[in-house]
Every structure is written in structure tokens, then in C-alpha cells.
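Given the coordinates of chain E, work out where chain Y should sit on it, guided by the hints.
As a plain string of letters, each chain reads:
There are 2 protein chains.
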Amino acid sequence: MNNFKFWSPTEFIFGRNTVNRVGQLIKKWGGTKVLVHYGGQSAVKSGLLADIEKCLQNDFIEYVKLGGVQPNPLDTLVYKGIDLCRNENVNFILAVGGGSVIDSAKAIAAGVPYAGDFWNFFDRTVTINKALPVATVLTIPAAGSEGSDSMVITKTKGGLKRGAGSSQLRPVFSILDPSLTFTLPANQTANGIADMMAHVMERYFSQTPAVELTDRLCEAILLAIIKEAPVVLREPDNYDARANIMWAGTVAHNGLCGVGREEDWATHGLEHELSALYDVPHGAGLSVMFPAWMQYVYTSGIDRFVQFATRVWGVEPADAKKDTALKGIKALKDFFSSLGLPVNFEQLGAKSADIDKLIATLKINSGDQFGAFRKLDMRDARTIYEIAAKG
Amino acid sequence: MNNFKFWSPTEFIFGRNTVNRVGQLIKKWGGTKVLVHYGGQSAVKSGLLADIEKCLQNDFIEYVKLGGVQPNPLDTLVYKGIDLCRNENVNFILAVGGGSVIDSAKAIAAGVPYAGDFWNFFDRTVTINKALPVATVLTIPAAGSEGSDSMVITKTKGGLKRGAGSSQLRPVFSILDPSLTFTLPANQTANGIADMMAHVMERYFSQTPAVELTDRLCEAILLAIIKEAPVVLREPDNYDARANIMWAGTVAHNGLCGVGREEDWATHGLEHELSALYDVPHGAGLSVMFPAWMQYVYTSGIDRFVQFATRVWGVEPADAKKDTALKGIKALKDFFSSLGLPVNFEQLGAKSADIDKLIATLKINSGDQFGAFRKLDMRDARTIYEIAAKG
Numbered sequence: 077m078n079n080f081k082f083w084s085p086t087e088f089i090f091g092r093n094t095v096n097r098v099g100q101l102i103k104k105w106g107g108t109k110v111l112v113h114y115g116g117q118s119a120v121k122s123g124l125l126a127d128i129e130k131c132l133q134n135d136f137i138e139y140v141k142l143g144g145v146q147p148n149p150l151d152t153l154v155y156k157g158i159d160l161c162r163n164e165n166v167n168f169i170l171a172v173g174g175g176s177v178i179d180s181a182k183a184i185a186a187g188v189p190y191a192g193d194f195w196n197f198f199d200r201t202v203t204i205n206k207a208l209p210v211a212t213v214l215t216i217p218a219a220g221s222e223g224s225d226s227m228v229i230t231k232t233k234g235g236l237k238r239g240a241g242s243s244q245l246r247p248v249f250s251i252l253d254p255s256l257t258f259t260l261p262a263n264q265t266a267n268g269i270a271d272m273m274a275h276v277m278e279r280y281f282s283q284t285p286a287v288e289l290t291d292r293l294c295e296a297i298l299l300a301i302i303k304e305a306p307v308v309l310r311e312p313d314n315y316d317a318r319a320n321i322m323w324a325g326t327v328a329h330n331g332l333c334g335v336g337r338e339e340d341w342a343t344h345g346l347e348h349e350l351s352a353l354y355d356v357p358h359g360a361g362l363s364v365m366f367p368a369w370m371q372y373v374y375t376s377g378i379d380r381f382v383q384f385a386t387r388v389w390g391v392e393p394a395d396a397k398k399d400t401a402l403k404g405i406k407a408l409k410d411f412f413s414s415l416g417l418p419v420n421f422e423q424l425g426a427k428s429a430d431i432d433k434l435i436a437t438l439k440i441n442s443g444d445q446f447g448a449f450r451k452l453d454m455r456d457a458r459t460i461y462e463i464a465a466k467g
Numbered sequence: 077m078n079n080f081k082f083w084s085p086t087e088f089i090f091g092r093n094t095v096n097r098v099g100q101l102i103k104k105w106g107g108t109k110v111l112v113h114y115g116g117q118s119a120v121k122s123g124l125l126a127d128i129e130k131c132l133q134n135d136f137i138e139y140v141k142l143g144g145v146q147p148n149p150l151d152t153l154v155y156k157g158i159d160l161c162r163n164e165n166v167n168f169i170l171a172v173g174g175g176s177v178i179d180s181a182k183a184i185a186a187g188v189p190y191a192g193d194f195w196n197f198f199d200r201t202v203t204i205n206k207a208l209p210v211a212t213v214l215t216i217p218a219a220g221s222e223g224s225d226s227m228v229i230t231k232t233k234g235g236l237k238r239g240a241g242s243s244q245l246r247p248v249f250s251i252l253d254p255s256l257t258f259t260l261p262a263n264q265t266a267n268g269i270a271d272m273m274a275h276v277m278e279r280y281f282s283q284t285p286a287v288e289l290t291d292r293l294c295e296a297i298l299l300a301i302i303k304e305a306p307v308v309l310r311e312p313d314n315y316d317a318r319a320n321i322m323w324a325g326t327v328a329h330n331g332l333c334g335v336g337r338e339e340d341w342a343t344h345g346l347e348h349e350l351s352a353l354y355d356v357p358h359g360a361g362l363s364v365m366f367p368a369w370m371q372y373v374y375t376s377g378i379d380r381f382v383q384f385a386t387r388v389w390g391v392e393p394a395d396a397k398k399d400t401a402l403k404g405i406k407a408l409k410d411f412f413s414s415l416g417l418p419v420n421f422e423q424l425g426a427k428s429a430d431i432d433k434l435i436a437t438l439k440i441n442s443g444d445q446f447g448a449f450r451k452l453d454m455r456d457a458r459t460i461y462e463i464a465a466k467g
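Chains E and Y supply the protein sequences, listed in that same order. Per this note's numbering, residue 77 is the first one in the first sequence, and the count goes up by one each step. Per this note's numbering, residue 77 is the first one in the second sequence, and the count goes up by one each step.
One chain only, chain E, in its complex shape (with noise of 0.2 angstroms):
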């Protein structure tokens, strides 16, 4: 095992009718003037905004309001956000929604303080030391940036989708009521599923040893999933269904399921060229590029292959390794299409005469190599994106 840190902060607000809690977990988290980030009309529509807009106003809390947020946030409405939130003195930022919208509600909590261009942070050349203090209300279960430290912004210019994170953007408090999510279309639930999957995953395949608790532990989680994914989609006001799956999708992403090994994220670099170039949801992206992934490198440590097929899938171990690890992949790929999720691109709205497009990108973002259960290079990741087109 390594060594390691982990420090997950937040305070979690779970449950029905916790939203009314809001004002008084500011004032806790010393929040005077907030910016209020959403995405688009349908936290207005559900009633939601106007519940925390009353909320605020009962606590005599001063707000001011930006919607706008698209699924792949861009940095043209973080920049927005730096300059409302400087103008107007802001020193909170609360984000309602998912994913997407609390990762653009980082970008301005760190660009905030910050004297330069905040795409610094994701360039990598300035480090995030400082951010306004972030709370959120989630109303998607997928990214886990509820719980997390990271965030991923979408450059217009050019397209590059990049990853940033720092301790500092851990949120402060996040409350998350499952029945803010019996609305949610069934694609868009399914994508979650697959997103939440996919961080654990990118995490439970590494190559140190002997981590065995923390193994279990993403175990558990997909097996839980495993369990509940089904009933949310045919009963999507399954209040317990859509609990598990919202506090699975947290768990996923902490940082607890890392702890003690080297983590991955290759599947989640291919991933992010696909919905940069096609603006297709994250989630359903990655349903179609972790099978193909793992079919490219499961050679390179079987053993954790036949782990997880027994262990996750309940797949019988036959005499070879091989067809045990391969009968895991198997196992996944028809679970995500079970749910409705692309396994392909043609599903997914891709095509195999793009690849060359997703590998200039990638080698912009990804580096001459990438990944670490198995170091790929470009050549590697063509052979994925090829396996992933025909699915």
C-alpha cells in the first residue's frame, strides 16, 4: 500500500426536505453575500430556485444569480461568473445542479481570488492555493463534485476539456435530497450511473498491491450500484433506489475508493475528447470507452481482471484467466447496455473517421503517454478508440 492523504471535509446534508436547510448551513459556513450558479430551466421550472431564493431571503442573505451552465461547462461563463462575483463582493458561491454546474461554480471560486486568467489552473502552470468557500445543492448523482477536489472546464476556443483541482475546492457543505432526482430523464440518470461507475473503476484498476480494504471498498459500491441502477430507471420515484445511487455517487468520488494506490483516469482522457469534439454527455462516453479500454489492457494485469469479474460480476472463474477476465468485461458492457447506455460510437453518435481529430486533442492534453495501470501512447489510444468505434 502507499502512503497517502485524505481529507474529505465537506459535510454531507442527505435526505427528503433538506433544502430548506441552506441558509442556515451559509451562515454556518460563513457565507454574507452568495452567488447563486445554476444551469439551465429546469432547476427554475422544478421550483427549486425559488425554494432557495426564499430560504436566502428568510435568512437575510444577500444573493445574486447566474444561470446558463451547459452539460461540458465552458470558461466563457467562469469568466462571467469572476467578474459578477468581484463586482458584486461576493464570498460564497452556491452551485444548484449537477456536475457540470458546480464544476464551473470551482472555476470561478478559485478564478475569484486569483489575478490572472484562471485558465492557468488548467494549463498547469499556477497552482490553486486559495477559493471562495463552495456549497452545493446536487440535483444529478454522476460527477461526485459534490464531494470532490477537482473540477473539468471546457475551453471554447479550440475545445480542449481539462481537469484542475485543489483541496481548497472541496465543497463546504453539499446537500443532496434523492427526491430532486425522480425527474431526471432516464438517459440522463443512466449516464450518471455509468460516470460514477467509471470513478470508481479508473481507481480499482492499478497496479499496487495489496490494497485490499480500499479494493473492497469500490467493491462495494459497484455492487451497489449494480444492484439499484435497474430499479431507478424502471421505478424512477424509487426514493431508496435513487438514495443509494446519489450517496453512491459521493462515495465514488471522495477519494476514498483511491486511497493507498496509484489511480488511472486513461478511460477518462479518452473520454474527454469524444465529448469535447461532440459534445456528447460525459457519462455515455465513458460507457463506451471503459469496455474498450479494458479489452486493450487487461492482458497487462489478468489478475485484477478475474478480481473484478468474480468479485463484482459473480462470474464463475473458469480454468483460464483469460476467459474469466474477458467474461467480467462482458458483464459490464451488457450491464451499460441494459441501461439504455452506448456501448459504440455509432450509438454514442461518433465516428471511426474522427479518430484522428480525438488523438490531435488528446496529445495536446493527455502528453506523449498517459494512464497508469498500463502507460498508453498515441498509437495505444488509436487502437482503443478503434476497439471502442466497433464496440
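In short, the hints are calculated from the structure, not lab data. Incorrect hints may have been included.
Below, in silico cross-link-like pairs of lysine-lysine (BS3-like), each with a Cα-Cα straight-line distance of 27 angstroms or less [said to hold, decoys possible]: (1) E/Lys103 <-> Y/Lys303; (2) Y/Lys81 <-> E/Lys103; (3) Y/Lys81 <-> E/Lys130; (4) E/Lys81 <-> Y/Lys104; (5) Y/Lys398 <-> E/Lys303; (6) E/Lys398 <-> Y/Lys109; (7) E/Lys81 <-> Y/Lys81; (8) E/Lys397 <-> Y/Lys303; (9) E/Lys303 <-> Y/Lys81; (10) E/Lys81 <-> Y/Lys109; (11) E/Lys206 <-> Y/Lys103; (12) Y/Lys403 <-> E/Lys303; (13) Y/Lys81 <-> E/Lys104.
A quick note: this is a predicted structure, and the numbers were derived from the prediction, not measured.
Chain Y only, in chain E's frame:
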């Protein structure tokens, strides 16, 4: 699933040679004058205390020392610590040791800013709203106090053993170096393992339905412990096995295993009377009491016991649920025995003839009714002690 709040803000620094960061960390968390609190001679003999003092001196951090914490820590030393901290203007407490030392440190931390008698926190007439920051260097993986919000102290007069808690008591940081545990004697290692397993099981055995993720996380921790426990007893200096056990002890008790459901804690209540009367280690008492409690209550929620048997112990489901459930309980008992832990009164050094005494103090500490999985009164408690006596 029930509503919950989960807040585990402790910064965990885990791995080899992490103790030398203690000075930096204290500064980061605002400590300028430190009470170094520890137990008997082991921290002195091992050189750990000298290492820590050297760190503090190198970082120009002032400190005073208070040793002598015993297993089942006493109120008398807490009073002494409170006085010392007030006289020396201490603003930060560093606990160096296991759960007893950390609990004693927490009681001092809460007592310093409180004008009345700190025992008021334990007789539940006053809640803890304020405490000095506490940090830990853990040397015994067991109690989970390095990541928890709770503490247990014994009143010298009358031998009452009581728990209290507050989110103010969560350590600000905890340093966990598994190599510090290489020299732990086998019996202390085994007692710690029983304690951490009990922390999971007190939360696992719940009547709250549909908490699949929390269930799976509990099972994950138990499975990892079951794998690693024999290894640490066979090979006390196996770093990876020690590391998995150490981290398991923390995750077992930071709250994650209980979210979303009612917890039980009847067995802890029953055990506290044993360790208060005989001054036996808490873990050893739990090893006797948990299987006994299970044998008495399993019919009140047999499906849960079937799940425990099949998922945790790999028991093949029998035709009758009862048989499967009992096999799971037996597997736990056999496992405890295999670690050299006591599973009856004789092995523990307790006497059936004292059950009246145990019941008398239990009634004072737990009231007429206690427990949640099944509500227990003093007649039930008596029967459970009788089962435990025979083993």
C-alpha cells in the same frame, strides 16, 4: 433510507515516516502551545515520543507533556489534564497512543473551555459546543477514535463507564503509520480487531430497510479485516496487512458505516459493564458479548443475519434461514477464537456470579431499555450475559 448528516473532516496522513510531519500539521491547524498526551511507557521506549518532541522543537512549537493514560481511561487524569492546559495556556492537544489516550485527550479538549465539571458531558446534562482542537498519532488500530466524534471515560468513583460525543471532537488531523503497530502484542492486536469489527456490526445490524450501499460498505470492511487479521497475527511486521487493518479501524468508526439507518450499540452497552468491573480490554469483552447478543436477537431480523452469513462469511444458504443465520454467528465466533480472543466468561476472566453486579451498573448507564435492532430490557440483558458466560 433515513435522512443523515455525514461529516468526517479529519485530515488523515497515512503511511511510513509520516510522524515527522507532526509539527507542520500542528502549525497548519493553528496550534501554538501543545499538550502532548500519552499512555504508559511504550511510546517512551519505542522512541516515538522523543521523535515527536524533536519535531516540535525543530518547528519551535511549545509543548507540555502528560502521560499515564490507562486502558479504560479515568476521569482523574482528565481533570489533571484540564488544569494543566488552563495553567499552561495550551491551545492544541496531541494524543499519542490508542483509543484510550485519544478519548482522554478529547475529554480534556472539551473540558478546558467549559466552566463546570466535565463529567456533565457524560451524565448528559450538558452538550459539548466547544473544544480545543485535538490531533492524533495513532499507535493501536482499534477504537477508531482517531476519526470519530466520540469518547468513552470511566469514573473512578463507582466505576461508571460512559460515552459522549460532539462533532467538535473530530480530530483535525490523524497520523497513521502502520509500522508503529509492528510491535503490538498479539492479544492487543486481536482485541483491536474485535473492536473495529464490532463498530461495523453495531451499525450493520439495523432494522432500517433499503440501505444497500451502507450494507455493502460494512461488508467490505469486514471482508478485508477477515482476510488481513490472520496475517498480522502470523507476521506482525507485515506492512501491508498492518496497513489494511489500521485503515479498517478508522473507516469502521468514522460514521460511514452507519449513514442512513438506525444504529444499535446494545453490545457496546453490555460490554462496558464487563470492562468497568474487571478492567478487561474492551475488544476482548466485545468478542465475548457480540456472538451472545447475536444468538439472542437473530430471530428479530433473520434476513439480516442470513445476509451477514452469506455475504461476509460465505455461508451457503441452507433451506432454513435459521440454519444459515446460526452458521454466520458461529463463523464469527470461530473467527474470534482463531485470533486467540475469548468467547466466554471464563476465557475473559469474568464470573457468572457477578451478573447481578453487571445488571446493576448497566441499569444506571443504559436505563430500563437499550438497543435498537431489538429493544432490550434488564431481563433480556441478563439472558445475554448468561449466554455469554457459557459461550
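Please flag the earlier hints that this structure goes against, numbers listed from lowest up. Those not satisfied are hints 1, 6.
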